[in-house]
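Listed in order, the protein sequences are those of chains A and B. Per our numbering: the first sequence = residues 1 to 393. Per our numbering: the second sequence = residues 1 to 256.
Bear in mind the hints are in silico, worked out from the structure with no lab data behind them. Be aware that a few hints might be false.
[Stated by the list, open to error] Under the rule of at most 30 Å between Cα atoms (straight-line distance), these lysine-lysine pairs were calculated in the DSS-like manner:
#1 LYS106/A to LYS224/A
#2 LYS236/B to LYS220/B
#3 LYS321/A to LYS236/B
#4 LYS39/B to LYS236/B
#5 LYS236/B to LYS166/A
#6 LYS44/A to LYS321/A
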Amino acid sequence: MRYTVNEQGYYGDFGGAYIPEMLYPNVEELRQQYLQIIGDAGFKNEFDQLLKDYVGRPSPLYLAKRLSEKYGANIFLKREDLNHTGSHKINNAIGQILLAQRLGKKRIIAETGAGQHGVATATVCALMGMQCVVYMGEIDMERQAPNVARMKMLGATVVPATSGSKTLKDATNEAMRDWIGNPVDTHYIIGSVVGPYPYPEMVAQFQSIISLETKKQLLEQTGKELPEYVLACVGGGSNAMGMFYHFLEDEQVKLIAVEAAGKGVDSGHSAATSVLGREGILHGSRTILMQTDDGQVVEPYSISAGLDYPGIGPQHAHLHKIQRAQYVNITDDESLQAGLLLSQLEGIIPAIESAHAFAYLEKMKFEKDDNVVVCLSGRGDKDLSTYIKHFGF
Amino acid sequence: MNRLNQLFDKKKNNLLSVYFTAGYPELNTTVDIAEALEKAGVDFLEIGFPYSDPVADGPTIQHSSQTALDNGMNLNLLFEQLAELRKRVSIPVLLMGYVNPMVQYGVERFCAKAAEVGVDGVIVPDLPMYEYETLYKNCFAQHELSNIFLVTPQTAEARIRKIDELSNSFIYLLSSASVTGNSLQVSDATETYFQRIKDMQLKNPTVIGFGIGDRATYQKATAYANGAIVGSAFVKLLGTPGYMEKIPEFIKSIKG
Chain A
1 MRYTVNEQGY YGDFGGAYIP EMLYPNVEEL RQQYLQIIGD AGFKNEFDQL LKDYVGRPSP
61 LYLAKRLSEK YGANIFLKRE DLNHTGSHKI NNAIGQILLA QRLGKKRIIA ETGAGQHGVA
121 TATVCALMGM QCVVYMGEID MERQAPNVAR MKMLGATVVP ATSGSKTLKD ATNEAMRDWI
181 GNPVDTHYII GSVVGPYPYP EMVAQFQSII SLETKKQLLE QTGKELPEYV LACVGGGSNA
241 MGMFYHFLED EQVKLIAVEA AGKGVDSGHS AATSVLGREG ILHGSRTILM QTDDGQVVEP
301 YSISAGLDYP GIGPQHAHLH KIQRAQYVNI TDDESLQAGL LLSQLEGIIP AIESAHAFAY
361 LEKMKFEKDD NVVVCLSGRG DKDLSTYIKH FGF
Chain B
1 MNRLNQLFDK KKNNLLSVYF TAGYPELNTT VDIAEALEKA GVDFLEIGFP YSDPVADGPT
61 IQHSSQTALD NGMNLNLLFE QLAELRKRVS IPVLLMGYVN PMVQYGVERF CAKAAEVGVD
121 GVIVPDLPMY EYETLYKNCF AQHELSNIFL VTPQTAEARI RKIDELSNSF IYLLSSASVT
181 GNSLQVSDAT ETYFQRIKDM QLKNPTVIGF GIGDRATYQK ATAYANGAIV GSAFVKLLGT
241 PGYMEKIPEF IKSIKG
């Protein structure tokens, strides 16, 4: 079975580049040039150097002892929360800003949900002296106010998306409209493994450093480079794709993608795309999509701003369809409880997105020697007000 | 030969097309608006089927699409309205919308139904050329539906040639790199682009759209192309009180 993309930009039935003609020259330029650019030795050196000295990679793989005791297996945390800017999003932002420079672009646009990708993009734009405009849903700007302030302090302009559900999907629409209007000087840094080909593949490659390091670290720490299980949360799915990437061909490794059930899969307030979605087309790719019978996109819900996206990346749709990865879901309440548990057992306050992955540990049964890797994709600082409100600290 | 081909055979200059969103401003105004446009002297119609995430559209058409959806518009209902429309309107009709509602309806079924109710062509901005060629072209041809491709100032010459090969009624030239609804600013660069396309001597006629909303922009567009398309400016008019009565005057103000 083939897990990777074909020449037309498809993962099995999913992917492609369903874009209006106005975006074609930009996307085509990327498609023609990105492989050559990122394969270049100079690019690789600069990317690796920045990941090491600026981001702080490799991120630790931490054996969480008390969590391991609780679940009766060896639970390893891949500490993307310790990256500069506090999440895995910086890996992709660094890769794409270097690409944008080599394409001769002067202006960067991005969409953001929880604000982590917006912060990462604003950060690399400051680093490289590029103009930065971030589109963010009006509702997300309220619930992730600290990240809005961070982006502004970093010199970015944050533009509220006021259409539709005023969240991530609408911010993405606005960013695409900006790109249509600024086709020559602007590069669009998409933050997840979504969008028209080559974005899903390119973002996955930049995030694949997560699983590349994990394999090495597991070998050093356990003598085996393959774990029994790998878990990650999925909104669009970039941390999960990075976490799965180098394990895809290792069929014995069970890959578990955790979606946000919101208030429950059947509650009408959910973002569990693999359960509630059907094949459709959004933001330039054919994927699994939450939609009405008429093909109108349904507004998803999750307490976590980074997970309430109505689709999943096309490679996830493929892995789901061929059952290479298992797609499960966790409610708001379960994720908050898991966030509290990780805080009090390990002294780590996770982003609510990442807490969804931890919550699924409760539902699994392990053998004593199982090695389990959970992607701790981001830290919880940005979510403190949500935790405080829920637990009444 | 569908109505669109017949029209372009017969009339080579100053064609005027108008876009409006089905189900806007009210659910059942589609046919009345179409009839008023024909009477006012419009040459062909583009009727939008609404989508929740219209990325190629500016605020005016986004608003009309959302209102139409809120009013309850969908493809089934639109096809019913179009069957009624064909009893009262004889000018060519194009459907314009995004690919996902069409795919969910079923492309085969969409083409068959569109042809049955008298639609002549389809404009789907986010339907890629590759997918059209490999999956949809035969279906469109079988039902005599024209597929309209867009060309922008950034479209490379080789691609324009390819689009010309694949087209069988007209090519939709975007006046600028923009979403819908921004007024055409005619600059030297725009004129150079229009002239460049004209000099290519394409086998298909061209019609310029995006940013055409008054006599000046209509004249500018039709100086370089066979026709012009008015969209957002007309949709804006539909958002004002007494819009039905204003339609003849609006069209006259453009055509002169």
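Okay, the hints, checked on the actual structure:
1. Between LYS106/A and LYS224/A, the direct Cα distance comes to roughly 45 Å. Violation of the 30 Å bound is thereby established for this hinted pair.
2. The straight-line distance between the Cα atoms of LYS236/B and LYS220/B is roughly 21 Å, inside the 30 Å bound, and the hint therefore holds.
3. For the hint pairing LYS321/A with LYS236/B, the CA-to-CA distance comes to about 44 Å; that exceeds 30 Å, so the pair is violated.
4. With a CA separation close to 20 Å, the supplied pair LYS39/B and LYS236/B stays within the 30 Å bound.
5. Restraint check: the Cα-Cα separation between LYS236/B and LYS166/A comes to about 23 Å, which is no more than 30 Å; the hinted pair holds.
6. Of the pairs offered as hints, the one joining LYS44/A and LYS321/A is violated, with about 33 Å between alpha carbons and a cut-off of 30 Å exceeded.
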